[in-house]
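Once you have looked at the hints, place chain B on chain A.
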Amino acid sequence: MPDAPPLSIFRLMSAGTVHRSSITPVVNGQPKAMAAGSTVADLLREFQLDPHLVVVEYNRTILRDRTTYAAQLLASGDTIEIVHFVGGG
Amino acid sequence: MTTVVAPALDSPLVMGGREFHSRLLVGTGKYATNDDMTRAIQASGAEIVTVAVRRVNLQRSNDESILHHLDPARYFLLANTAGCYTADDAVRYARLGRAAGFNEWVKLEVIGDPQTLLPDTTGLLDATRTLAADGFKVLAYTNDDLITALRLEDAGAACVMPLASPIGSGLGLLNPFSIRTIKSRLTVPVIVDAGVGTASDACVTMEQGVDGILMNTALAAAADPVRMATAMRLAVEAGRLAYLAGRMPRREIAVPSSPTAGMLE
Numbered sequence: 005m006p007d008a009p010p011l012s013i014f015r016l017m018s019a020g021t022v023h024r025s026s027i028t029p030v031v032n033g034q035p036k037a038m039a040a041g042s043t044v045a046d047l048l049r050e051f052q053l054d055p056h057l058v059v060v061e062y063n064r065t066i067l068r069d070r071t072t073y074a075a076q077l078l079a080s081g082d083t084i085e086i087v088h089f090v091g092g093g
Numbered sequence: 002m003t004t005v006v007a008p009a010l011d012s013p014l015v016m017g018g019r020e021f022h023s024r025l026l027v028g029t030g031k032y033a034t035n036d037d038m039t040r041a042i043q044a045s046g047a048e049i050v051t052v053a054v055r056r057v058n059l060q061r062s063n064d065e066s067i068l069h070h071l072d073p074a075r076y077f078l079l080a081n082t083a084g085c086y087t088a089d090d091a092v093r094y095a096r097l098g099r100a101a102g103f104n105e106w107v108k109l110e111v112i113g114d115p116q117t118l119l120p121d122t123t124g125l126l127d128a129t130r131t132l133a134a135d136g137f138k139v140l141a142y143t144n145d146d147l148i149t150a151l152r153l154e155d156a157g158a159a160c161v162m163p164l165a166s167p168i169g170s171g172l173g174l175l176n177p178f179s180i181r182t183i184k185s186r187l188t189v190p191v192i193v194d195a196g197v198g199t200a201s202d203a204c205v206t207m208e209q210g211v212d213g214i215l216m217n218t219a220l221a222a223a224a225d226p227v228r229m230a231t232a233m234r235l236a237v238e239a240g241r242l243a244y245l246a247g248r249m250p251r252r253e254i255a256v257p258s259s260p261t262a263g264m265l266e
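These protein sequence lines are chains A and B, in that order. The opening residue of the first sequence carries number 5 in this note's numbering; numbering runs sequentially from there. The opening residue of the second sequence carries number 2 in this note's numbering; numbering runs sequentially from there.
Simulated from the structure, these hints should not be mistaken for lab results. Since no wrong hints were added, every one of them can be taken at face value.
Partial list, derived from the structure: chain B residues whose beta carbon lies under 7 Å from chain A: (1) L68; (2) R96; (3) L97; (4) A101.
Which bits of chain A does chain B cover? Going by a derived footprint, with three or more residues having C-beta under 8 Å, they are: (5) 29-40; (6) 76-88.
Bear in mind that the values here come from a model prediction, so they are computed numbers and not experimental data. The C-beta atom is built at its ideal place from N, Cα and C for all residues, glycine as well.
In isolation and in its complexed conformation, chain A is listed as follows (with noise of 0.2 Å):
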């Protein structure tokens, strides 16, 4: 079995639009390992938050406006944090 052509070789190929099978952006201070492609939307979808129930904060910029959510792609060393209401004084 031949070996396996090292991985330079397909970023040659995709020429400046490099796909990997997946990325590991941080949420909540933990890796998440998820497609590339993913957006915001998919997050909490895969999370099954309400979008209305919570707030995210992209690398350090509060989302404010939720129908980006959809368009805002994840990549690895993207931090994420997703917050919500709970009790307090």
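Leaving out everything else, chain B in the frame of chain A:
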């Protein structure tokens, strides 16, 4: 059952351009059950209810949001920055709370010490300036120091919230003089936040002339939160009315209440 004192006896609390008819604000933390919380809040008659901003626990189901138990159409949700130890963190939490989409109000806490939970007043002033410039209505939790209170008002706070005693202590109003002094010198509303333990504490606090009280643990940690919430509602109203009524002067001698004339020979 109405929880509002007749308008002829009191005027609304006006703060941040809004009118409120309850002078009791309550927190939502530390209740044994969500049912205890919702029933106690209802019994308190509060309109303004504080909530905290925290990470969603992604290992659990999503039913832990407080919004499953509090109707935002019924209560005015006031996000806090509890747990923040720097101005930058408090500003970040305030903006996250605003992004929830209910209002631009924040109960601002910048804590300086974990043992006493006393405020870091330098950080508090910085965060108040930043948030007021960003359009927030800032309700600033502070200590009972007049100078800090004056500076918070200058910094743009919509309300100054001096403590009665440390958060969660239940020690009651430790310095009525300081609270009266702050109230007499500020233009914005003064709401005492933290330290009230039982109904008499609330009543005495309102008798100082402040505009309201915010409490959490006094209700949540009572053996019967619904009864205590009812007691607090009545105590806040009683203290407010007693203040407005104007108490009699204190005298260190007895003065008879019945006529001294007309006694039998």
